[in-house]
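Trainee: Residues per chain are reported as follows:
2 protein chains.
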Amino acid sequence: MSVVTIERKVLEKNDELAAKNRELFQHHGAFVVNIVSSPGSGKTSILERTLEHLKDKLRIAVIEGDVQTDFDAQRVAKFDVPVVQIITNGGCHLDAKLVQDALGNIGLNGIQLLVIENVGNLVCPANYDLGEHIKVVVASTTEGDDKPLKYPTMFRNASALLINKIDLLPYVNCNLAELKTNALKINPNLEVFETSCTTNYGIAEWCHWLEKTSREYYK
Amino acid sequence: MSVVTIERKVLEKNDELAAKNRELFQHHGAFVVNIVSSPGSGKTSILERTLEHLKDKLRIAVIEGDVQTDFDAQRVAKFDVPVVQIITNGGCHLDAKLVQDALGNIGLNGIQLLVIENVGNLVCPANYDLGEHIKVVVASTTEGDDKPLKYPTMFRNASALLINKIDLLPYVNCNLAELKTNALKINPNLEVFETSCTTNYGIAEWCHWLEKTSREYYK
Numbered sequence: 001m002s003v004v005t006i007e008r009k010v011l012e013k014n015d016e017l018a019a020k021n022r023e024l025f026q027h028h029g030a031f032v033v034n035i036v037s038s039p040g041s042g043k044t045s046i047l048e049r050t051l052e053h054l055k056d057k058l059r060i061a062v063i064e065g066d067v068q069t070d071f072d073a074q075r076v077a078k079f080d081v082p083v084v085q086i087i088t089n090g091g092c093h094l095d096a097k098l099v100q101d102a103l104g105n106i107g108l109n110g111i112q113l114l115v116i117e118n119v120g121n122l123v124c125p126a127n128y129d130l131g132e133h134i135k136v137v138v139a140s141t142t143e144g145d146d147k148p149l150k151y152p153t154m155f156r157n158a159s160a161l162l163i164n165k166i167d168l169l170p171y172v173n174c175n176l177a178e179l180k181t182n183a184l185k186i187n188p189n190l191e192v193f194e195t196s197c198t199t200n201y202g203i204a205e206w207c208h209w210l211e212k213t214s215r216e217y218y219k
Numbered sequence: 001m002s003v004v005t006i007e008r009k010v011l012e013k014n015d016e017l018a019a020k021n022r023e024l025f026q027h028h029g030a031f032v033v034n035i036v037s038s039p040g041s042g043k044t045s046i047l048e049r050t051l052e053h054l055k056d057k058l059r060i061a062v063i064e065g066d067v068q069t070d071f072d073a074q075r076v077a078k079f080d081v082p083v084v085q086i087i088t089n090g091g092c093h094l095d096a097k098l099v100q101d102a103l104g105n106i107g108l109n110g111i112q113l114l115v116i117e118n119v120g121n122l123v124c125p126a127n128y129d130l131g132e133h134i135k136v137v138v139a140s141t142t143e144g145d146d147k148p149l150k151y152p153t154m155f156r157n158a159s160a161l162l163i164n165k166i167d168l169l170p171y172v173n174c175n176l177a178e179l180k181t182n183a184l185k186i187n188p189n190l191e192v193f194e195t196s197c198t199t200n201y202g203i204a205e206w207c208h209w210l211e212k213t214s215r216e217y218y219k
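Chains as they are written, first to last, in the working numbering: chain L, 1 to 219; chain Z, 1 to 219.
Next comes chain L alone, as it looks inside the complex (with noise of 0.2 Å):
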């Protein structure tokens, strides 16, 4: 038995269980967003802005994904919404299985929108269908304008990319027109976003645009 023939059967096992995820999902009119990006691109800040924004408009629940700590639950709590943490002890993604689990300890009763914040990796989490409706990138300037190109498939993967910490452009070595140009060649039906947590830059456009297709979802 080869580890291709493994490799393909934890996918194919990943892929029923997401599909009951979302069956879950839509039973109860959750919509569900998987956010994923490299460490430190800026995830639990989008979601702390996101809260912010629409936790008066939405009924929402959050599931934390990490490799070691609970500090982006602790975050996310202070916020008053139901949420999850996840520690994957190593592990370089979340996977379908771990959300069953985590949807054990949190009530989609009435929860409108879950986020799920993966792990900081922009390669892994890719292939990992959770049950989620759509995933959203994010990429912070800071990375520079070639991460489309050089990580193709989580770009290829998600409905929406924010391009986070906008207001670090003056500063860094990136080509705004270049990155959004990058990531169309690889996805042109991806939804662009530029927002700044610092400033709060592009927040309302994406929060805006976030509740408009969860309700639509749904219509």
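Since the hints were made in silico from the structure, they are not lab data.
Among the hints, erroneous ones may be present.
As the list claims (entries may be wrong) - Straight-line Cα separation of at most 25 Å, BS3-like style, residue types lysine-lysine; simulated pairs:
1) L:K55 to L:K219
2) L:K9 to Z:K97
3) Z:K9 to Z:K78
4) Z:K9 to L:K13
5) Z:K185 to Z:K20
6) L:K55 to L:K78
7) Z:K55 to Z:K78
8) Z:K55 to Z:K219
9) L:K9 to Z:K13
10) Z:K9 to L:K9
11) L:K9 to L:K20
12) Z:K219 to L:K97
13) L:K57 to L:K185
14) L:K13 to L:K97
15) Z:K57 to Z:K78
Given chain L, put chain Z in place with the hints provided.
Mentor: Below, chain Z without anything else, positioned relative to chain L:
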């Protein structure tokens, strides 16, 4: 046969090949550094600055690892040193076999320093020995000060930490003292350097240490 068993077998096989690579490096008197970080922390920029400083002092070769594209090898080739690009085609880390294959395309005769730039990923490369003598982890100030605690294995296995993009410190939410404390909590033996590839801050100190460390290894 469980997936865990297969994974252990993969790692055991990797360790065997890594030991063979290491023997080959020893045979040629080449000191080998495995550079790891998140995507966009500045591994390639650090390498460019290092080549500027050391290429007339040490005979250097480079192996570049990327998920897609040979952009980094192109950047390095400008310094007129031997360079081979490994494209993992979706793979999230280099392994000893990929490095062994690359070594077939690079002559180690007379090489004193071989730098292997790993795939941008702060999780998976931590578990794969390539046969290197030391791992060096790059963490940029823009990623925040909590990364050593959230991705501990990489910091535990490294000999040196380069805190890069130090010039951006005034603009980002990163406490430098806290970042160092967190890194040294995980690994008290880390050599810590503060660097900027934009201003060249700290590059001389890092290169001095790297040269000294590679020369002393074969004394």
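Trainee: Please list, smallest to largest, the hint numbers that this structure does not respect.
Mentor: When the structure is compared with the hints, numbers 3, 5, 12, 13 turn out to be violated.
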